[in-house]
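All chains, please: the whole structure from these sequences, using the hints.
Residue numbers (my numbering), protein chains in the order written: chain W, 1 to 399; chain L, 1 to 399.
Derived by calculation from the structure, the hints in this document are not laboratory data.
Mimicking SDA-like on lysine to any residue, the simulated pairs with C-alpha atoms at most 25 Å apart in a straight line are:
hint : chain 1 : residue 1 : chain 2 : residue 2
1    : L       : LYS363    : W       : ASP128
2    : W       : LYS363    : L       : ALA184
3    : W       : LYS363    : L       : ASN215
4    : W       : LYS270    : L       : TRP52
5    : L       : LYS363    : W       : GLY130
6    : L       : LYS363    : W       : GLY216
7    : L       : LYS363    : W       : ARG182
8    : L       : LYS363    : L       : ARG7
9    : L       : LYS270    : L       : ARG286
10   : L       : LYS363    : W       : ALA184
11   : W       : LYS363    : L       : GLY130
12   : W       : LYS363    : W       : ASP328
13   : L       : LYS363    : W       : GLY129
14   : W       : LYS363    : L       : GLY129
15   : W       : LYS363    : L       : GLU187
16   : L       : LYS363    : W       : GLU187
17   : L       : LYS363    : W       : GLY125
18   : W       : LYS270    : L       : GLY58
19   : L       : LYS270    : L       : GLU260
20   : L       : LYS270    : L       : ARG284
21   : L       : LYS270    : W       : ASN50
22   : L       : LYS270    : W       : GLY58
23   : L       : LYS363    : L       : VAL331
24   : W       : LYS363    : L       : GLY125
25   : L       : LYS363    : L       : TYR49
26   : W       : LYS363    : L       : ARG182
27   : L       : LYS363    : W       : ASN215
28   : W       : LYS270    : L       : ASN50
29   : L       : LYS363    : W       : TYR108
30   : W       : LYS363    : L       : ARG126
31   : W       : LYS363    : W       : ALA10
32   : L       : LYS270    : L       : GLU295
33   : L       : LYS363    : W       : ARG126
34   : L       : LYS270    : L       : SER290
35   : W       : LYS363    : W       : ARG13
36   : W       : LYS363    : L       : TYR108
Examples of chain L residues lying across from chain W (beta carbon under 8 Å, computed):
hint : residue
37   : PRO144
38   : LEU145
39   : SER154
40   : TYR170
Just so it is clear, CB atoms sit at the ideal spot from N, CA and C, and this is done for glycine as well.
There are 2 protein chains.
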Amino acid sequence: MTAHVTRPLAGVRIVEISSFVAVPLAGMTLHQLGAEVVRVDPVAGAADYNRWPVTPDGASIYWAGLNKGKRSVAADIRSAEGQDLVQRLIAGSGVLITNVAGREWHSYETLTRLRPDLIHVEVSGRADGGTGVDYTVNAGIGFPLVTGPADLASPVNHVLPAWDVTCGIYTALAVVTALRHRDATGEGQQVRIPLENVALATAGNLSFLTEVMVNGTERERIGNSIFGQYGQQFTSSDGGSFMIVALTNRHFRDLCETTETADAVAALAKTLDADFTDEGERYRHRESLSGLFTEWFAAHTAGEITAALSATSVLWERYRSFAEVVDDDRVRANPLFTPLRQPRIGEYLAPGLPLSINGDYPKAVAAPALGDDTAGVLTEWLGLSEDDIAALTESGTVR
Amino acid sequence: MTAHVTRPLAGVRIVEISSFVAVPLAGMTLHQLGAEVVRVDPVAGAADYNRWPVTPDGASIYWAGLNKGKRSVAADIRSAEGQDLVQRLIAGSGVLITNVAGREWHSYETLTRLRPDLIHVEVSGRADGGTGVDYTVNAGIGFPLVTGPADLASPVNHVLPAWDVTCGIYTALAVVTALRHRDATGEGQQVRIPLENVALATAGNLSFLTEVMVNGTERERIGNSIFGQYGQQFTSSDGGSFMIVALTNRHFRDLCETTETADAVAALAKTLDADFTDEGERYRHRESLSGLFTEWFAAHTAGEITAALSATSVLWERYRSFAEVVDDDRVRANPLFTPLRQPRIGEYLAPGLPLSINGDYPKAVAAPALGDDTAGVLTEWLGLSEDDIAALTESGTVR
Numbered sequence: 001m002t003a004h005v006t007r008p009l010a011g012v013r014i015v016e017i018s019s020f021v022a023v024p025l026a027g028m029t030l031h032q033l034g035a036e037v038v039r040v041d042p043v044a045g046a047a048d049y050n051r052w053p054v055t056p057d058g059a060s061i062y063w064a065g066l067n068k069g070k071r072s073v074a075a076d077i078r079s080a081e082g083q084d085l086v087q088r089l090i091a092g093s094g095v096l097i098t099n100v101a102g103r104e105w106h107s108y109e110t111l112t113r114l115r116p117d118l119i120h121v122e123v124s125g126r127a128d129g130g131t132g133v134d135y136t137v138n139a140g141i142g143f144p145l146v147t148g149p150a151d152l153a154s155p156v157n158h159v160l161p162a163w164d165v166t167c168g169i170y171t172a173l174a175v176v177t178a179l180r181h182r183d184a185t186g187e188g189q190q191v192r193i194p195l196e197n198v199a200l201a202t203a204g205n206l207s208f209l210t211e212v213m214v215n216g217t218e219r220e221r222i223g224n225s226i227f228g229q230y231g232q233q234f235t236s237s238d239g240g241s242f243m244i245v246a247l248t249n250r251h252f253r254d255l256c257e258t259t260e261t262a263d264a265v266a267a268l269a270k271t272l273d274a275d276f277t278d279e280g281e282r283y284r285h286r287e288s289l290s291g292l293f294t295e296w297f298a299a300h301t302a303g304e305i306t307a308a309l310s311a312t313s314v315l316w317e318r319y320r321s322f323a324e325v326v327d328d329d330r331v332r333a334n335p336l337f338t339p340l341r342q343p344r345i346g347e348y349l350a351p352g353l354p355l356s357i358n359g360d361y362p363k364a365v366a367a368p369a370l371g372d373d374t375a376g377v378l379t380e381w382l383g384l385s386e387d388d389i390a391a392l393t394e395s396g397t398v399r
Numbered sequence: 001m002t003a004h005v006t007r008p009l010a011g012v013r014i015v016e017i018s019s020f021v022a023v024p025l026a027g028m029t030l031h032q033l034g035a036e037v038v039r040v041d042p043v044a045g046a047a048d049y050n051r052w053p054v055t056p057d058g059a060s061i062y063w064a065g066l067n068k069g070k071r072s073v074a075a076d077i078r079s080a081e082g083q084d085l086v087q088r089l090i091a092g093s094g095v096l097i098t099n100v101a102g103r104e105w106h107s108y109e110t111l112t113r114l115r116p117d118l119i120h121v122e123v124s125g126r127a128d129g130g131t132g133v134d135y136t137v138n139a140g141i142g143f144p145l146v147t148g149p150a151d152l153a154s155p156v157n158h159v160l161p162a163w164d165v166t167c168g169i170y171t172a173l174a175v176v177t178a179l180r181h182r183d184a185t186g187e188g189q190q191v192r193i194p195l196e197n198v199a200l201a202t203a204g205n206l207s208f209l210t211e212v213m214v215n216g217t218e219r220e221r222i223g224n225s226i227f228g229q230y231g232q233q234f235t236s237s238d239g240g241s242f243m244i245v246a247l248t249n250r251h252f253r254d255l256c257e258t259t260e261t262a263d264a265v266a267a268l269a270k271t272l273d274a275d276f277t278d279e280g281e282r283y284r285h286r287e288s289l290s291g292l293f294t295e296w297f298a299a300h301t302a303g304e305i306t307a308a309l310s311a312t313s314v315l316w317e318r319y320r321s322f323a324e325v326v327d328d329d330r331v332r333a334n335p336l337f338t339p340l341r342q343p344r345i346g347e348y349l350a351p352g353l354p355l356s357i358n359g360d361y362p363k364a365v366a367a368p369a370l371g372d373d374t375a376g377v378l379t380e381w382l383g384l385s386e387d388d389i390a391a392l393t394e395s396g397t398v399r
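What follows is the structure in structure tokens.
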């Protein structure tokens, strides 16, 4: 099995009926761990098949990015014949992941009649049964009102669909946990993951909700500062932006020494009667401290700042654009990324799974086009003949 | 095993040597799935033990939130005796998760000498070996420069530590996948997860990096709009903020009808020669469309808007503060949350795991205080006697 150590889910088959981010990411992640994942779509493609960004020819870079390594089956899932075929694929594989909620024909109740030990994982919008997507869930949860410059009054949406991404990895976790449980007991599972619950649990686990319940206080909008720690954004003489974080006393001492403010900070501590070995005090007096450090940053170029900070324990980073990231060795020389020839899109550096197993990163594999694997999967999984498949294609049941 | 279906990892033991968010969240998640998780800390506590927010008495609400349900062992891990004890705990459990990288005494190489089939999962900062935390990784990845109002020049940090959260769930996924692999093959695994790689892979999977490589274009700052779709923020006559999303033609039609703009939108389509059944066209002309919708939102109260949108397919949400969320039935009447008596903190509604298994959400369990379980774990896991433990306490090896 050594050959399989970076493909620990080899031999597992999974059917995905999905669109958008969370469940496609889950399916791709499970593929990257070794599973064979078949995404089933309507013959015209799901609602995300042409999603932006697209190439000049209209091929969705987005879709290719979130469906790498899967096999694609296109079927008329509104017809009884199409539904029957897909039910047989699910029953054969034993695992369904979906965000298409509330469809009787692929519900847990219906499918367990065909496959009693089915693992059925369904992502939905809101916990109370309502619809929701990342950007509406995020609006309802509290973060946009505390994100952005302190003097801003309006909400600030995140650009990263963080709830979708988190929900996708929870979905993959639920599948693997259920697989292990089924291996041991023979039992399947019905798992439900409302996207809103992922957001609510995270806001609770990270204290954003709990501090209201316990202290009656609410997080304020503090710009680019980090709550409860010393963390701040600075600008260099040539306009570079830096994020600087000092979590520990060592970080903070190094920051004071590098910025030549050790004496001034000591004097400030005396004046304010503050103990800067306490992270809470560093947070409370962050504006006074930042005032002292700002001068040094403003007097040095981005290059000088980079050189000076690199020699210290301070946690820091220069803000970069996506274009700068792409040109950086952190992408170009990173084994996470490998060249991928993606039909319809071109060749680019694609990320694999962001974790190495025994030293190797599971690599990116190209995404299919809609229906690329319909015939192959129907043959391999269901034993259909060429004639069977020709008839199904003829009748419009598959594509 | 039916009793275990919501505790599928029952019987698994895990040692966690950690601080901050990612690995503590991973350990808590694994506990919520049924594992027994022992967090090992230095006798004075790790760097996160007093992290804000805190109660008026100084107890960390933050720490309690991310360590629910674990057992706590405090040991002098700088001493050979303390290290030996912790090594025995890890060897006995067979699973270590840690973000304390680069320590010889709990490295994969050292520990596999004691436990050849060890599962060793290590979270680090940057892929190239450098240090990094969520807020520095995020600065380096590109998102802050495209977040916030379009006319803003400076970066906007996220408040949600999205990379830490995502990395934590990847860590839990890595552990369960490795457990299943070990069950089947007897082999352990060494897994490494650089936080920066989680961010880079996500930025790649979601096309932020790929569109630069393929199209040579880069995402722009577009405020609260959603890229490639119709999604926008509106304000009611009484100052309520709403996020409105129309992904499909049905959503968009309903939005036009509700805002009584169907005729105006049709006229606009004619004028612009635009096809608003194409999501890309809706995105391209978002400002013209929003101009038409804005008037209706500005002429209605938040209550009226809520009532009108509730009857439609439109995806929408009112922006809320954390305090509003806490008072909402989505928390108060949500089975995800259960009352928790948390020593040192008080009683509050705490989230469990945000997924239900066969209809039940794994519930929140109180967090320990530092060292609460030292004696219990040393007795149960290593068979130490009361006298052994008294001697270790006396010598300062454990607390």
